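Chemist: As a plain string of letters, each chain reads:
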Amino acid sequence: MSNGPPIIQVSGLKKSITNAARTVKILQGIDLSIPRGQFVAIMGPSGSGKSTLLGLLAGLDSPTEGSILLDGEEISGLAEDQLAVVRGRKIGFVFQSYHLISTLTALENVLLPLELAGESNGMRRALELLDRVGLAGRSDHYPIQLSGGEQQRVALARAFMVRPPILMADEPTGNLDSANGQHVLELLLELNRTEGATLLLVTHDATLAGHADRIVRLRDGLIVGDDLRG
Amino acid sequence: MADVFTWNSARKIAWREARAASTRFLFVVAAVALGVGALTGVRGFSQSFRTMLLRDARKLMAADLTVRVFELPTPEQNSVMASLEQAGVARTAITETVSMLSTRASGNPVLVSIKAVDPAVYPFYGELKLAPPAPLPQALQADAVAASDDLFVRLDLKVGDRVKLGASEFRIAAAVAVEPDRMAGSLNVGPRVLMSRQGLERAELIVEGSRAAQRFLFRVPAEAPGIEQVRKKLKEAFPEGQIVDYRETHPLITRGLDRATRFLSLVSLIALVVGALGVAMAMHSHLQQKMDSIAVMKCVGARSGQIMGIYTLQTLMLGLLGGVAGIIVGLGVERAFPSLIARYFHFDPGIHWDTGSAVQGLAIGLLTTLLFTLPPLMGIRRVRPSLILRRDMEDARPAWRERLRHGKASISVAGLILGGMLGIVWWLSDSLQTGLYFAGGFLASVLILLVIAAGMLAGLRRLTRRVQQALPATVRHGIANIYRPGNQASALLVALGVGVMFTLTIYLLQTSVLAQLAASAPPDMPNVFLINITPKERDGIANLLKQHAGGDPEVVPVIAARIVSIDGKSVEDLLPKGLNRRFLRTRSVTWRARLPAQTEVIEGAFWQPDHQAARKGALFCASEEAARVLVARPGARFEWVAGNKRFHARLACIYRSEAVRMGSNLEFLFNPGALEGLPTLHYAAARMKPSAVARLQRAVFERFPTVTVINAADVLAIVQEVVDQIALVVRFISFFAILAGAIILASSVAGTRFRRIREVVILKTLGATRGRIAGIFSIEFLILGGAAGILGSVLATVFSLLVLKRLFQVDYRFDPWPHLVSIAATAAVANAAGWLASHRILAQKPLEALRESL
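Heads up: the sequence lines are chains A and B, in that order.
Numbered according to the working numbering, the first sequence spans residues 1 to 230.
Numbered according to the working numbering, the second sequence spans residues 231 to 1084.
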């Protein structure tokens, strides 16, 4: 873990959604600082705002109030396409429902972030990553031809493809049985170790969170606990 | 469970679901509306037109009854008409012919169509309007004429100017603003010149033997003999005359209208079928998304039949909505029609609500929609309740063996669709044969198109695989999107391809038929024709032609003669139907001492040059075609009538001519002397440089003003104008098919909306900009549209080639431009339609969409 400036610096972060009838306050003022290389687990009951926080940190939506510094860059006021570029460069994402592109093969899905960044020499790394997640032989298979666990492993390879400094994972094992879930988690931690990324993991699962350096707990859009461990 | 599941519940569920999928279904409704609209528009217009023809029949004929003949009446015919007049039936004569007209200033004579009337009584019904307004008898003095607007424009005329027409000069008294019986007239080439009968005499245009059309108009007052009786008497007096009375619509016009209606109805039906394909595709993707709901419904006890009921109701609701919207579109189409055909029928038949066409359109719309939705509806039976436990397999296609097992059901459904189509076409065209052709042609076309489309898609995929890394990522992703589950690219290609094929075929035929005909004409084929040459003018014209065209000009004597009987049998009984009945009318015949060049006798023998008709009897030879139609062999004895003379002649030979010269192309050649004493006119023809024709026209007009010089290029231009007009109407209707295809594309894109949203947010999450995503989508739409354009273009080429070869015997010359433009335009239309349905997807915030499935 480095002692330099934090890779994520959040202050006064609020997010509300206004329906026709009423305004729902999802995040009510979050202040959070995450040093480079830290593994942070974000926990909390359903509706506590975990996924929204993760989404805002990744620039997937704009906050109602507050600021987010990502690797020293203020992203809360950026336009959508600028956010896309930031994401492509700095963030790897793993979703609960894998979210692979159904019209692309496993290899093409892994190559995608690099291609979107305008680079074309990623074949070797993509194959190597697929090999590391144990899918070297399935590179030309379409998502539909892969099991849930396999799809999530492709998603892991895709997330690490551009060597992002930050990796965000939202319930990455939520849709998997325990054996597959365990396998994916091990791969995630192993890859994170070798790639040296900052890992933000949203989870309900205390065992999963047990691997983290720090556990941040949310309730009703506020941080109610922040434990730095061992 | 079945007890509580009533039709009422089915209706409620169907309505709720349709409301939830409103965007996609909006496209479906639009596609059906286009097809129904084209159909009801065409048929509604036709019905309005027919109603108008009947209602205004007297005005359109300017009389109660008319007789049209192509010869001056004989004394006997005149006396029959005179006796009718005595009985109280009013009569007036109209002479229609073509001639040359020029101004002193321009010098270049123009071909005009002359109509000479008796201004004191014409028209019996309706009103002839002049501009500036003036009573007809006052305007049409013996030295004055009225002309249509186009003549004013062409010769830069104004009212009061003087023009030379035939042998005399005339003053332009007014412009013809409305001519009630323009449609009933004949020889409508070139601008109209209206004159009095005295004027016609002054112009000296009609001499004995002239082929002018005489139209006699009759008004039958109540106190006179009944119209049926008058008609009967006239029929006896004018056996070859065309007799029409106000109780029937003009046979030529109604026949044309019937054919046009039938043809355009079938073109509209194609648009409707394309629309129905859209409904089927939308229903298919809708049901794909509803698999879970269907499985759940089955889990809680709903039977397949009940669920099919829900979706059948939904289909019917869509068909009904589309049909009703289509009827409104149809009113627009009906309104657009008069302006499309304004050049020939310059009046507004008005918009009449035609319940028959509307109900027919609605019924056909509903039926077609239902027929084409049968396959996806039948698929409901195959949804197993266990599906909810195996969601991941939602997109998987069953193996081909599995699909083959469902083959039986599919074949029955296909049979039902074809049977339905057959019935619909039978209904629309009143002909089982047309129905069979259409249904068969439809099946063959769709199968061929599907095979080609599937082949193109597979080929494209293989090609992309091969050059994968060489392609930019955006292009690769765009291409990959085409194969997205639920995209139904083949069906889309077929739908759009059919529209392109139809529109492009019409265009190719329109532009190439006449051009090819002109281009493939033999180099020595005459391009200038001179008609109405009297025997006195013959030598002068021959000399003039020699000066201007060089060589040995061909001046052929022509006599108007009609066959009465063959070997004692009336020719009326020998020729019962169709085109062959032209042999009942007066034909142009000529005489020859020797067999013309490039002509071969195939049966019998040509006469000796010194054959004396007076002693040995008249002989004639007939062309192969004429002999075939008349079923005559050499030796047959024909009775002819020419002018007032009846005579007999024996068929000496049957010939086949390869010649392009006019004189050799006549159907009947007599031996010299056989036609002696009959009123003769000469025709001449020459081949000359197009640029020299005007000079010849001027020279002929100066010395022989009653001789008409016809430039083939002008005639071709007139024919082209007619062809263009027809093509415009067909294109207008076939454009609906393209539009329906585009809407289907939009509907298919809307149908894959959820998948697209998911992909957009994943791509955005992974760092794709909106520009990049827009690029990927555009590539997908452009390739689909381009492929449909190529498909339609290839098939249009094949069709045009076949039609040109088979029907017109001319070669097809490939011009890449129309094809390139079609492909580019189809791609553009597809791109626009695709974006119409997906532009909102691009603005989607990633987190909102991810929330639902994170």
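Among these hints, one or two may not hold up.
The list that follows gives simulated cross-link-like pairs (lysine-lysine, DSBU-like), each with its CA atoms no further than 30 Å apart [said to hold, decoys possible]: (1) 14/A - 1075/B; (2) 1075/B - 25/A; (3) 919/B - 799/B; (4) 766/B - 638/B; (5) 875/B - 776/B; (6) 846/B - 799/B.
The hints are simulated quantities; they were obtained by calculation from the structure and are not laboratory data.
Remember, predicted model here, so these are calculated numbers, not experimental data.
Chemist: Look at each hint and say if it fits the structure.
Modeler: Outcome of the hint check:
Of the pairs offered as hints, the one joining residue 14/A and residue 1075/B holds, with about 17 Å between alpha carbons and a cut-off of 30 Å not exceeded. This hinted pair checks out: residue 1075/B and residue 25/A have alpha carbons roughly 18 Å apart, not beyond 30 Å. Taking the CA atoms of residue 919/B and residue 799/B, the gap is about 48 Å. The hint is violated against a cut of 30 Å. For the hint pairing residue 766/B with residue 638/B, the CA-to-CA distance comes to about 81 Å; that exceeds 30 Å, so the pair is violated.
Proximity of residue 875/B to residue 776/B is assessed by CA-CA distance (about 35 Å); at most 30 Å being required, the pair is judged violated. For the hint linking residue 846/B to residue 799/B, the alpha-carbon distance of about 23 Å falls within 30 Å, and the restraint holds.
When held up to the earlier numbered hints, the structure conflicts with 3, 4, 5 and fits the remainder.
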